[in-house]
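Residue numbers (the numbering used here), protein chains in the order written: chain A, 68 to 321; chain B, 27 to 122.
These aren't lab readings, by the way, just hints derived from the structure by calculation.
Among these hints, one or two may not hold up.
To be verified - In silico DSS-like pairs for lysine-lysine, Cα to Cα no more than 30 Å straight-line:
no.	chain 1	residue 1	chain 2	residue 2
1	A	Lys198	B	Lys43
2	B	Lys117	B	Lys43
3	B	Lys95	B	Lys105
4	A	Lys274	A	Lys201
5	B	Lys43	A	Lys201
6	B	Lys117	B	Lys105
Unchecked claim - Partial list, derived from the structure: chain A residues whose beta carbon lies under 7 Å from chain B:
no.	residue
7	Glu105
8	Ile108
9	Asn112
Quantities reported herein were computed from a predicted structural model and do not represent experimental measurements.
Even glycine gets a Cβ: it sits at the ideal position worked out from N, Cα and C.
Take a look at the letters that make up each chain.
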Amino acid sequence: MTLVVADAAAVYTLRVADDCLVLSHRLAQWSSLAPTLEDDIALTNIALDLLGQARAMYARTAELDGTGRSEDDYVFLRDEREFVNCLLVEQENGDFAMTIVRQLLCSTFHLAQWQALERSTDEQVAAIAAKAVKESTYHRDHATDWTMRLGDGTDESHQRMETALATLCPYTTELFETDDVNRDVVARRIAPDPAILGLEWEAYIDKVLSAATLQRPEGTWTPTGGRRGLHTEPFGYMVAEMQHLHRSHPGQTW
Amino acid sequence: MSTDTQQPLWEVFIRSKRGLAHNHVGSLHAADAEMALRNARDVYTRRMEGVSIWVVPSSLITASSPDEKDSFFDPAADKAYRHPTFYSIPKEVQQL
Chain A
68 MTLVVADAAA VYTLRVADDC LVLSHRLAQW SSLAPTLEDD IALTNIALDL
118 LGQARAMYAR TAELDGTGRS EDDYVFLRDE REFVNCLLVE QENGDFAMTI
168 VRQLLCSTFH LAQWQALERS TDEQVAAIAA KAVKESTYHR DHATDWTMRL
218 GDGTDESHQR METALATLCP YTTELFETDD VNRDVVARRI APDPAILGLE
268 WEAYIDKVLS AATLQRPEGT WTPTGGRRGL HTEPFGYMVA EMQHLHRSHP
318 GQTW
Chain B
27 MSTDTQQPLW EVFIRSKRGL AHNHVGSLHA ADAEMALRNA RDVYTRRMEG
77 VSIWVVPSSL ITASSPDEKD SFFDPAADKA YRHPTFYSIP KEVQQL
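So here's chain B without its partners, still in its complex pose (with noise of 0.2 Å):
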């Protein structure tokens, strides 16, 4: 019999800069937050990716279900009108 020896999963979360947000950049295994913390920090900020780190269990986290996905997504296929696309928008906004 097998037994799963790793270490528990987590997600991680990294902010580029400062004003934007945490963008999911993917996970990787800890034995609890301080060394998720660390391990994200040596595995996906090497390259000068981020300024703030943030990582969660990924068993916290509900996902929507493959199977829902005609019901939850595709009533947003026809309403154009939800685009703010008759404004235009000021040069200095970038991070719209």
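The following block holds chain A by itself, in its conformation from the complex (with noise of 0.2 Å):
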């Protein structure tokens, strides 16, 4: 299936779409598997809210590209090159570490973006934002406790977060790149522009790290490139997994 875009309008919704559906996945890969029954409950609800987020994204999109697809024609018959979510959601989930620093990354991102897109002149992604922004301001908060618990925890527990901020946080120069969509779609006033929205998430996410005595760390590799479909290794291996099932047996039902 080709990508068809009418408008730099329906990329923007796509990417936010995608990035919410992968980290979805990525969190519900965690289910049964969770250190504890409350955190694995905890996890696959932020799961179940992103994928709420995505599905009212895909819908948009649907309209605004004019295709008319279905939610599962964007998740389950678009190839990994189609994808437009950015690298930091398709990361592996790793240890408890691991997901707890991705969660903060994205979500002070995520929190950040649909405050902002509350004061979007497309009317229906304002109406998303704002029920969004609740589920995001949970999701923020549970990333937070966790960090502050993990950092500002035993040696091992700092240990294993700093090992984790080391290996996500080259992902996230990428969330705040600006390219010719992001051009068009802010000066329509419909999305914000990355770059105020970087400086929120920096200072938020050096007072959390700050607290939980962890620190950003400083690093010259900046990959890119999910935004125009080109994604890390495992990313590839998530797809097959998440698609296979409707691609084995089409329009199956339960």
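Hints are included, so try docking the two chains, each in its own frame, into the full complex.
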């Protein structure tokens, strides 16, 4: 299936939808495997919130790109190179510290983005954002709480958090990049300027990490490409797992 | 030798709507009160069960003993006059 693009707004909403979907799927992979029953439920609750956000944004994308595709079409019938999520959300779960760091980095970004999108000139996007803000506020609280506990916890938990930050922080540069799509939707006040989101994001992340006796590693490696469909290796495996049932049994329901 | 690596146990009470009392709904494990509240939200209010949550360390609850069941509870069994069955209750009073 080729990507039909009528409008930069459709590309933008697809990016947001794909970010939510892929992170949701990663969190769902914790189901029955989390360290405690309580967090097993917490992570899957968050996954379901994100899936709801993704569905709403796919529905809006289908209107904007004029293809009228269903949510299933976007999720199950595109190939890896057609997904435009950022690289951060597709990174593997790793240990619990890795997942919590990814949650902190992603949910802080998501919350800032949804708060800005509440003022979007696209009224449907603004309505979706108004609901998503409450959910993302809880996601960020959850990640913040665990970051404090693990960062300022035992030697081992601190060490694991440092490893997770070193692994994942390089992928955050991509969140705040600007390209032609951003310039278009920012000019039409459909979406916020990534650079401004970046400042908000940095201020919050650095405040939390400092309280957790951690710091954001300085690095020069800044991988990118997700918005153009160029993904990291683990993503292909994730997409294969996510799509195989639907592709083997098209239209299967339960 | 095995040691219990689980975090402390908490009892969870949820008020389903304004005006009603908090009811015991179950228990969970958490390192402290803040985590217990958060876990209670995730485990027990996923289907809009509540508007307010209390958590209490299970160790702080003093329970009656099953051995005392007879002396505690049986004496009330034959005192029907303690039930307010002789009053008619206005229809407007619902949660009595």
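Here is what the structure says about each hint:
Only pairs whose Cα atoms come within 30 Å are accepted, and A:Lys198 paired with B:Lys43 is accepted, the gap being roughly 22 Å. For the given pair, B:Lys117 sits about 20 Å from B:Lys43 by alpha-carbon distance, which is consistent with the 30 Å threshold. Straight-line distance between C-alpha atoms of B:Lys95 and B:Lys105 comes to about 17 Å, which keeps the hinted pair within the 30 Å bound. Pair hint A:Lys274 plus A:Lys201 holds up; C-alpha atoms about 21 Å apart against a cutoff of 30 Å.
Restraint check for B:Lys43 and A:Lys201: satisfied, since their Cα atoms lie roughly 20 Å apart, inside the 30 Å limit. For a cut-off of 30 Å, the pair hint linking B:Lys117 to B:Lys105 stands: about 26 Å separates their Cα positions. At its closest, the beta carbon of A:Glu105 sits 4 Å from a beta carbon of chain B; the interface hint therefore holds under the 7 Å criterion. At its closest, the beta carbon of A:Ile108 sits 5 Å from a beta carbon of chain B; the interface hint therefore holds under the 7 Å criterion.
Against a cut-off of 7 Å between C-beta atoms, the interface hint on A:Asn112 holds, since the closest Cβ of chain B lies about 5 Å away.
Going through the hint list in order, the structure satisfies each hint without exception.
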